Amino acid sequence: MGGKVVWFAWEDHRRSRELSSEFEAKYIPMVYRGVKIFRYPVLSLLTIYKILAERPTLVFCQNPSIILTFLLVMTKRIFGFKLVVDRHSNFKFEYESSKDIKWKIFRFVSKFTVKHSDLTIVTNDYLKSVCEGFGGVAMVLPDKLPDMSSGNLEKSRFLTDPNKVHVMAVTTFDSDEPIEEMIEAARCLGENYILYMTGNSDRYFNSGNLRTDIPNNLIFTGFVSEYDYKCLINSVDVVVVLTNKDFILNCGAYEAVSVDAPLVLSDTETLRGYFFKGPVFVKNNPESIMTGVVKAAENKVLGAGIYRDLKSELTRSWGDSFSKVRSFISDFVL
Numbered sequence: 003m004g005g006k007v008v009w010f011a012w013e014d015h016r017r018s019r020e021l022s023s024e025f026e027a028k029y030i031p032m033v034y035r036g037v038k039i040f041r042y043p044v045l046s047l048l049t050i051y052k053i054l055a056e057r058p059t060l061v062f063c064q065n066p067s068i069i070l071t072f073l074l075v076m077t078k079r080i081f082g083f084k085l086v087v088d089r090h091s092n093f094k095f096e097y098e099s100s101k102d103i104k105w106k107i108f109r110f111v112s113k114f115t116v117k118h119s120d121l122t123i124v125t126n127d128y129l130k131s132v133c134e135g136f137g138g139v140a141m142v143l144p145d146k147l148p149d150m151s152s153g154n155l156e157k158s159r160f161l162t163d164p165n166k167v168h169v170m171a172v173t174t175f176d177s178d179e180p181i182e183e184m185i186e187a188a189r190c191l192g193e194n195y196i197l198y199m200t201g202n203s204d205r206y207f208n209s210g211n212l213r214t215d216i217p218n219n220l221i222f223t224g225f226v227s228e229y230d231y232k233c234l235i236n237s238v239d240v241v242v243v244l245t246n247k248d249f250i251l252n253c254g255a256y257e258a259v260s261v262d263a264p265l266v267l268s269d270t271e272t273l274r275g276y277f278f279k280g281p282v283f284v285k286n287n288p289e290s291i292m293t294g295v296v297k298a299a300e301n302k303v304l305g306a307g308i309y310r311d312l313k314s315e316l317t318r319s320w321g322d323s324f325s326k327v328r329s330f331i332s333d334f335v336l
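To convert a position in the sequence shown, counted from 1, into the numbering used here, add 2.
Among the hints, erroneous ones may be present.
Said to hold, decoys possible - Once the Cα atoms are required to be at most 25 Å apart in a straight line, the calculated DMTMM-like pairs of lysine to aspartate or glutamate come out as: (1) K28 <-> E13; (2) K326 <-> E26; (3) K157 <-> D248; (4) K130 <-> D322; (5) K247 <-> E289.
These are computed hints drawn from the structure, not numbers from a lab. Note that the structure is predicted; figures quoted are calculated from it, not measured.
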């Protein structure tokens with residue numbers, strides 16, 4: 003791609019790091035950790051400064067943040083750059099009928115930014131059709147399988163009993179995750195299983211959710227470094243990634259596939275369509291989650307070849323999709 007290419011993000015996300023590298027874009031994450039009320043003004047001014055300093059001809063941006071996307075849509079003609087938005091799944095369909103002014107504004111800005119971006123990248127065909135319904139141009143590019151290889155990694159420090167079945171639940175403790183159901187599933191699994199829930203659990207429990215009666219075989223890891231995260235996902239027997247939403251592809255699922263880990267996923271049409279062989283699909287209730295974990299653990303050896311095949315096919319499919327997106331972008335940048 004000719005000219006200066008940059009990738010702006012207001013959160014440091016693995017997908018953005020991976021894709022910016024593939025598109026040969028300079029990755030510029032701007033993460034604000036100060037007083038919340040000043041976040042958007044500070045980041046907006048910093049973004050304008052970066053545009054002036056870099057003088058890009060092509061800008062990629064991560065959405066979320068939708069405010070970042072709106073800012074770039076409003077300034078792209080002023081500064082003369084083309085804009086590609088990596089929207090992946092930030093559509094908030096659960097608030098589609100809300101009359102709250104916040105979500106009315108979100109819906110307006112969502113449609114406006116899709117319509118006026120040069121391209122919106124999403125993770126599946128349904129979201130592509132949504133963007134096209136907004137009057138925008140969209141293409142599909144799922145997450146690239148990340149490199150989570152175990153080279154130079156140690157056995158996870160969280161694993162202390164080699165005689166147990168170790169299960170990693172990739173969680174962020176967001177509202178779309180069946181947290182209580184996973185906690186109860188840990189209790190149902192019993193003492194032969196240990197469930198490790200990643201992410202900032204304090205955020206969840208400090209929001210009015212009571213942290214009571216936690217089973218002894220459940221460990222909250224808290225937020226861990228990337229090194230510790232890789233050690234854990236390479237050490238466990240089963241990986242669980244659950245969501246209450248459809249039309250999204252969870253990052254944790256890609257990570258599990260990349261290390262050939264037995265995988266338990268929520269039974270959604272989108273996840274079944276993409277991860278089409280290998281994973282055990284479950285309903286988001288304790289009994290189904292428990293049954294799925296046991297099945298995945300029991301089939302660990304037999305399923306190893308299936309997961310390798312899935313990884314190979316997803317890698318090939320992603321390469322084809324990336325080539326199409328890159329070719330399209332190259333045409334409108336020239």
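Taking the hints in turn, this is what the structure says about them:
1. K28 <-> E13: holds (15 Å)
2. K326 <-> E26: holds (16 Å)
3. K157 <-> D248: violated (34 Å)
4. K130 <-> D322: Satisfied, since the Cα-Cα distance of roughly 17 Å is no more than 25 Å.
5. K247 <-> E289: Holds. K247 to E289 sits at ~19 Å (cutoff 25 Å).
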